[in-house]
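Visitor: The primary structure of each chain is shown beneath.
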Amino acid sequence: MTNLLELRNVSKVYTRGLTHSNPTIALRETSLTLKDDEPTILTVAGESGSGKTTLAMLLLGFIDPTMGEILYKGRNIRSLTGSERMAYRREVQAVFQDPFAVFNPFYTVDHLLTVPIRRFKLAKSKAEARDRMEEALTAVGLRPEDVLGRFPHQLSGGQRQRINVARALLLRPRLLIADEPVSMVDASLRANILETLRNLQRDYGVSIIYITHDLTTAYHIAKSIVVLYRGGVMEAGDVDSVIKSPQHPYTQLLVDSIPWPNLDQRWGEHAIIARESGLHDPGACPFMPRCPKAMDICRNRPPLFQITPHQAAACYLHDKLPSVDAERLSELLPA
Amino acid sequence: MTLVQTASGQDAMRIEQPSRLTLTLRYIRRNKGLAIGLAILIALALFTIIGLIVIDPKKAYPLSAAIKQPPSLKYPFGTDFFGRDLLAAMIVGTWQTAFIGLLAGGIGTLVGVVLGFISAYFGGRIDSTIRVICQILTPIPVLLIQVVVAGSLDKRDVTIVTMAMIVAMLAWMGPTLVIRAQVLTMKERQFVAVAKLSGVSDMGIIFKEILPNLLPFIAAAFVGQVFGAVFASFYLAVLGLGPLREPLLGNIIWSAQSQGAFFNGWWWWPLEPSFAMILILGALALVNMGLDELANPRVRRTE
Amino acid sequence: MQHMTANMIEPKQSDTNAIVPAISEPVLRVRNLEVTYYTDLGRAKALDDVSFTLEAGQKLGMVGESGSGKSTLALAMMRMIKPPGRIEGGSVFVGDTELMGLSEAGMRNARLNKIAYIPQGAMNSLNPVIRIGAQMVDAIKAHLPGESRAAINDRCVHALRSVDLDPGVFHMYAHELSGGMKQRVCIAIGILLEPGVIIADEPTSALDVVTQRQVMETIDRVQDQIGAAVILIGHDMGLMAQFVDKVAVMYAGRLVEVSSVREIFTDPNHPYARALISSLPNLDNKGVFQGIPGLAPSLLRIPGGCAFNPRCPNVMDVCKAVRPDVLTLEDGRRVACHLFDAEAAHDQSA
Numbered sequence: 001m002t003n004l005l006e007l008r009n010v011s012k013v014y015t016r017g018l019t020h021s022n023p024t025i026a027l028r029e030t031s032l033t034l035k036d037d038e039p040t041i042l043t044v045a046g047e048s049g050s051g052k053t054t055l056a057m058l059l060l061g062f063i064d065p066t067m068g069e070i071l072y073k074g075r076n077i078r079s080l081t082g083s084e085r086m087a088y089r090r091e092v093q094a095v096f097q098d099p100f101a102v103f104n105p106f107y108t109v110d111h112l113l114t115v116p117i118r119r120f121k122l123a124k125s126k127a128e129a130r131d132r133m134e135e136a137l138t139a140v141g142l143r144p145e146d147v148l149g150r151f152p153h154q155l156s157g158g159q160r161q162r163i164n165v166a167r168a169l170l171l172r173p174r175l176l177i178a179d180e181p182v183s184m185v186d187a188s189l190r191a192n193i194l195e196t197l198r199n200l201q202r203d204y205g206v207s208i209i210y211i212t213h214d215l216t217t218a219y220h221i222a223k224s225i226v227v228l229y230r231g232g233v234m235e236a237g238d239v240d241s242v243i244k245s246p247q248h249p250y251t252q253l254l255v256d257s258i259p260w261p262n263l264d265q266r267w268g269e270h271a272i273i274a275r276e277s278g279l280h281d282p283g284a285c286p287f288m289p290r291c292p293k294a295m296d297i298c299r300n301r302p303p304l305f306q307i308t309p310h311q312a313a314a315c316y317l318h319d320k321l322p323s324v325d326a327e328r329l330s331e332l333l334p335a
Numbered sequence: 001m002t003l004v005q006t007a008s009g010q011d012a013m014r015i016e017q018p019s020r021l022t023l024t025l026r027y028i029r030r031n032k033g034l035a036i037g038l039a040i041l042i043a044l045a046l047f048t049i050i051g052l053i054v055i056d057p058k059k060a061y062p063l064s065a066a067i068k069q070p071p072s073l074k075y076p077f078g079t080d081f082f083g084r085d086l087l088a089a090m091i092v093g094t095w096q097t098a099f100i101g102l103l104a105g106g107i108g109t110l111v112g113v114v115l116g117f118i119s120a121y122f123g124g125r126i127d128s129t130i131r132v133i134c135q136i137l138t139p140i141p142v143l144l145i146q147v148v149v150a151g152s153l154d155k156r157d158v159t160i161v162t163m164a165m166i167v168a169m170l171a172w173m174g175p176t177l178v179i180r181a182q183v184l185t186m187k188e189r190q191f192v193a194v195a196k197l198s199g200v201s202d203m204g205i206i207f208k209e210i211l212p213n214l215l216p217f218i219a220a221a222f223v224g225q226v227f228g229a230v231f232a233s234f235y236l237a238v239l240g241l242g243p244l245r246e247p248l249l250g251n252i253i254w255s256a257q258s259q260g261a262f263f264n265g266w267w268w269w270p271l272e273p274s275f276a277m278i279l280i281l282g283a284l285a286l287v288n289m290g291l292d293e294l295a296n297p298r299v300r301r302t303e
Numbered sequence: 001m002q003h004m005t006a007n008m009i010e011p012k013q014s015d016t017n018a019i020v021p022a023i024s025e026p027v028l029r030v031r032n033l034e035v036t037y038y039t040d041l042g043r044a045k046a047l048d049d050v051s052f053t054l055e056a057g058q059k060l061g062m063v064g065e066s067g068s069g070k071s072t073l074a075l076a077m078m079r080m081i082k083p084p085g086r087i088e089g090g091s092v093f094v095g096d097t098e099l100m101g102l103s104e105a106g107m108r109n110a111r112l113n114k115i116a117y118i119p120q121g122a123m124n125s126l127n128p129v130i131r132i133g134a135q136m137v138d139a140i141k142a143h144l145p146g147e148s149r150a151a152i153n154d155r156c157v158h159a160l161r162s163v164d165l166d167p168g169v170f171h172m173y174a175h176e177l178s179g180g181m182k183q184r185v186c187i188a189i190g191i192l193l194e195p196g197v198i199i200a201d202e203p204t205s206a207l208d209v210v211t212q213r214q215v216m217e218t219i220d221r222v223q224d225q226i227g228a229a230v231i232l233i234g235h236d237m238g239l240m241a242q243f244v245d246k247v248a249v250m251y252a253g254r255l256v257e258v259s260s261v262r263e264i265f266t267d268p269n270h271p272y273a274r275a276l277i278s279s280l281p282n283l284d285n286k287g288v289f290q291g292i293p294g295l296a297p298s299l300l301r302i303p304g305g306c307a308f309n310p311r312c313p314n315v316m317d318v319c320k321a322v323r324p325d326v327l328t329l330e331d332g333r334r335v336a337c338h339l340f341d342a343e344a345a346h347d348q349s350a
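Chains as they are written, first to last, in the numbering used here: chain A, 1 to 335; chain B, 1 to 303; chain C, 1 to 350.
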């Protein structure tokens with residue numbers, strides 16, 4: 001069984017100017033393996049600056065890693081050509097956050113669906129293409145006659161985002177990267193879109209990487225979770241355990257700040273230490289400046305310590321437990 | 001304009017859309033400058049086209065009519081010192097001015113679009129090279145160069161087409177930089193990323209995704225170029241550097257001035273081409289401003 | 001006009017403050033506000049006969065989908081509606097001042113002074129080429145031209161400290177600050193003149209969850225300090241649960257329910273509010289998704305009768321024909337729904 005997509009010790013560092021000064025580590029030595037035959041839903045959680053968008057861009061092949069390699073079915077994506085490259089494109093797709101920005105304002109919304117059908121030869125005739133489009137639109141709860149032939153500004157945000165998801169359905173990729181797919185959508189519509197994504201995984205065997213900072217939706221849709229902060233993995237494992245009993249101080253802060261729609265579940269147990277602007281030590285734990293439990297030893301980046309077979313946290317508070325190599329991150333995530 | 005009833009009987013979400021014609025007309029009502037400019041240009045075009053059909057173009061050249069005649073029924077625009085029927089001259093001259101404007105404007109815009117796209121889309125060294133060349137050439141005083149070039153050509157070599165070339169040779173930098181800036185912005189838009197994900201090639205993205213969105217911009221740049229070209233051909237001709245045989249509007253003024261038309265009481269001779277020039281340039285300027293408003297990305301209201 | 005309103009303020013259960021006193025003068029009274037937009041495609045009734053009251057120190061959450069009219073309501077109260085929109089009727093009282101009747105100059109003075117508005121994406125509209133301090137000073141000078149330099153500086157420093165920012169921010173530029181810090185600067189500008197009412201329109205929509213909590217806790221603290229009333233506009237019910245005392249639900253430009261925050265979550269009256277609450281994900285029912293079927297109507301084509309009738313699970317014949325008035329129930333809650341016609345009498349003022 002080959003691996004569908006694999007990140008091997010990938011780092012992405014941004015520097016400024018000719019002298020390569022002020023390096024910003026967007027993603028640090030991350031390894032991840034996505035198997036071909038085990039479709040799963042993995043959440044990558046983190047705030048802005050955590051590296052989650054960088055990870056998405058790397059997986060989609062839009063940016064190159066500074067170190068490490070990204071392999072598609074065993075081959076480096078940079079070296080793919082011709083039909084192999086088309087196959088990679090077809091099998092790795094995305095749903096983005098802004099429902100409006102993905103539409104080319106010059107064309108009707110049909111353009112979003114017709115272009116991939118044509119490029120990937122998903123239909124043999126115009127009639128068949130139309131059928132497949134209508135099928136996908138109906139599956140997301142839209143009436144084709146309501147949306148086809150219209151321009152993006154004539155539809156609501158919710159309708160547009162559903163069309164985006166319909167596009168994903170149409171393409172039946174192996175891996176779908178959903179980057180904050182519901183954050184710009186009304187609360188009442190989120191349920192529908194998330195359910196569609198989950199059905200994609202369950203019924204069509206699509207693996208989904210769900211990128212978000214909203215842990216409530218992550219909890220409902222995902223099986224496994226990786227929590228990122230400033231480019232490093234803080235905690236990873238089974239989503240139930242990580243959210244219900246977070247072991248890393250950062251995850252605890254995240255979970256504590258969730259605005260539960262429940263008056264008996266209050267946020268604010270942990271005080272927030274403001275993020276200091278300014279340079280921080282790249283050799284230390286990235287969360288150290290804001291951690292209420294920081295110790296001297298944290299100046300050396302902690303490895304992941306395994307708390308249960310499906311939960312690990314990168315924090316010296318657990319240093320009595322066995323550590324896990326970064327390369328084996330995927331083993332912590334339940335299938 | 002239909003309202004669709006759904007099977008369940010409730011009104012569909014479909015809003016009644018007025019036809020595209022209605023929306024266009026409403027827009028023209030709001031953007032009066034564009035409307036007036038277009039109207040004048042259309043009127044001038046009709047004048048020229050109908051004129052070319054009706055009039056014998058030979059009358060626009062010297063020794064074809066009685067000389068120094070004021071406007072009358074026989075010669076509605078009068079004639080000049082050289083025996084040119086000024087009505088014919090104006091018709092042919094306007095057509096030639098339009099030709100220079102469109103040719104030079106077209107060349108300038110085309111070069112601008114091609115270089116701007118290549119520069120912005122492929123980036124790197126190509127971008128730097130093109131950009132630096134544009135930036136170096138921009139501060140060159142265009143008028144001077146044009147005068148020098150036109151002045152040093154053998155009189156017989158100066159034709160309508162060479163005029164257009166002279167005018168276009170230093171005009172393409174502006175559009176290049178403007179189009180480049182627009183493409184740079186467009187390139188980062190998410191619909192380009194989605195197109196890439198849909199397997200569209202680089203060429204496909206340039207022609208099918210980015211270019212259509214820039215049409216208003218390119219149209220505005222084109223009108224600006226035409227304006228510049230018409231104006232440049234005008235002042236070169238007024239200075240006597242144009243193809244002297246042709247009845248270009250600027251030439252008529254130049255020859256009127258060199259014969260002392262005003263002092264001799266032949267007021268119609270320089271006035272008519274001047275008026276025509278004001279109309280043409282004014283109309284082009286109005287259309288340019290009107291298109292600018294159309295081309296600027298409007299802030300879309302989020303619901 | 002002093003009377004104890006039936007809407008008792010819910011005692012806050014957070015550990016940050018004591019119980020807010022129950023009796024106060026209504027600091028904000030909105031009556032029958034109407035706004036229409038005249039567009040190329042027709043007339044859109046963005047606000048239709050909206051009325052509510054707010055006491056000092058109270059926090060009102062205004063929820064509804066996009067297009068429900070919540071932002072329009074804020075703009076209307078600030079008299080910032082631009083053509084093709086027009087305020088067609090109604091009055092807004094902040095303390096004793098009626099805002100709709102003021103002259104242009106009077107309204108300019110009232111803005112920031114009596115009623116402050118922090119718009120969506122405010123942090124992105126900070127002037128990028130002027131230092132933060134200069135922007136704050138400009139705001140103060142526009143309202144208090146006679147203030148001395150020293151007094152102005154004091155105000156600015158005090159405001160910055162209230163939002164937990166270092167006074168050194170006064171000398172910084174907007175791009176040097178993070179998203180959360182910029183948003184707190186906007187809050188600081190909003191409280192410079194200690195207004196009676198603060199309207200925050202989705203103040204945390206672009207912020208991550210931790211910064212969001214920080215900003216909301218800031219607004220909370222600031223409100224306690226100056227005793228203002230706060231209107232929080234948003235669609236995140238979770239945020240409402242954690243922050244507000246009272247919730248008003250908007251649908252298609254109309255107010256459909258006003259209840260305390262506890263009542264809205266445990267026992268919503270209006271069918272739309274009920275559907276909203278049951279569509280919320282929570283930790284107990286993992287994997288269960290319950291959306292609301294159908295789509296919100298376009299404001300250009302609002303269904304006759306009750307605007308929600310095409311999607312309502314309890315729809316009756318009268319709902320399609322007669323638009324329900326906003327009724328005041330015995331417990332002080334308000335709802336616009338024919339299901340409650342028998343319970344309550346028509347109420348003109350509250």
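Keep in mind that the hints are not guaranteed to be accurate.
[Claimed, not checked] Taking lysine-lysine and the DSS-like style, the derived pairs with C-alpha atoms no more than 27 Å apart in a straight line are:
| id | chain 1 | residue 1 | chain 2 | residue 2 |
| --- | --- | --- | --- | --- |
| 1 | A | Lys124 | B | Lys58 |
| 2 | B | Lys155 | B | Lys58 |
| 3 | A | Lys126 | B | Lys208 |
| 4 | B | Lys196 | A | Lys121 |
| 5 | A | Lys121 | B | Lys155 |
| 6 | A | Lys121 | B | Lys58 |
| 7 | B | Lys59 | A | Lys73 |
| 8 | B | Lys196 | B | Lys208 |
| 9 | B | Lys59 | A | Lys124 |
| 10 | A | Lys73 | A | Lys244 |
| 11 | B | Lys196 | A | Lys126 |
| 12 | B | Lys32 | C | Lys114 |
| 13 | B | Lys208 | B | Lys59 |
| 14 | A | Lys244 | A | Lys223 |
| 15 | B | Lys68 | A | Lys35 |
| 16 | A | Lys73 | A | Lys121 |
[What the hints assert, rightly or not] Per the computed footprint, the stretches of chain A lying under chain C, defined by three or more beta-carbons under 8 Å from a beta-carbon of chain C, are:
| id | stretch |
| --- | --- |
| 17 | 115-125 |
| 18 | 150-160 |
| 19 | 179-188 |
Calculated directly from the structure, the hints in this document are not laboratory data.
This structure is a prediction, so every number in the text was calculated from the model and none was measured.
Even for Gly, the Cβ is constructed at its ideal location relative to N, Cα and C.
Visitor: Regarding the pair Lys32/B and Lys114/C, is the alpha-carbon distance no greater than 27 Å?
Guide: It is violated: about 42 Å lies between the C-alpha atoms, which goes past 27 Å.
Visitor: Do the alpha carbons of Lys196/B and Lys208/B lie within 27 Å of each other, as the hint requires?
Guide: OK: Lys196/B and Lys208/B at ~12 Å, within 27 Å.
Visitor: Would the pair Lys244/A and Lys223/A pass a check requiring their Cα atoms to be no farther apart than 27 Å?
Guide: holds (13 Å)
Visitor: Report holds or violated for chain C covering the stretch 115-125 of chain A, Cβ cut-off 8 Å, minimum 3 residues.
Guide: violated (count 0)
Visitor: Tell me whether the statement that chain C covers the stretch 179-188 of chain A is true, taking a Cβ distance below 8 Å and needing three residues at minimum.
Guide: Holds, because 3 residues of the stretch 179-188 of chain A bring their Cβ atoms closer than 8 Å to Cβ atoms of chain C.
Visitor: Closer than 8 Å, Cβ to Cβ, for at least three residues: run that test on the stretch 150-160 of chain A against chain C and report holds or violated.
Guide: This one holds; 4 residues, not fewer than the three required, reach chain C with a Cβ under 8 Å.
Visitor: Could you grab the alpha-carbon distance between Lys59/B and Lys73/A and see if it respects the 27 Å cut-off?
Guide: violated (78 Å)
Visitor: Holds or violated: are the alpha carbons of Lys59/B and Lys124/A at most 27 Å from each other?
Guide: violated (63 Å)
Visitor: Does the structure keep Lys124/A and Lys58/B at a Cα separation of 27 Å or less?
Guide: violated (61 Å)
Visitor: Does the alpha-carbon distance linking Lys121/A and Lys58/B stay inside the 27 Å limit?
Guide: violated (61 Å)
Visitor: If you draw a straight line from the CA of Lys68/B to the CA of Lys35/A, is it 27 Å or shorter?
Guide: violated (93 Å)
Visitor: Decide if the proposed pair is consistent with the structure: Lys196/B and Lys126/A, CA atoms, cutoff 27 Å inclusive.
Guide: The hint holds at about 22 Å.
Going down the numbered hints, you'll see the structure goes against 1, 5, 6, 7, 9, 10, 12, 13, 15, 17, while the others check out.
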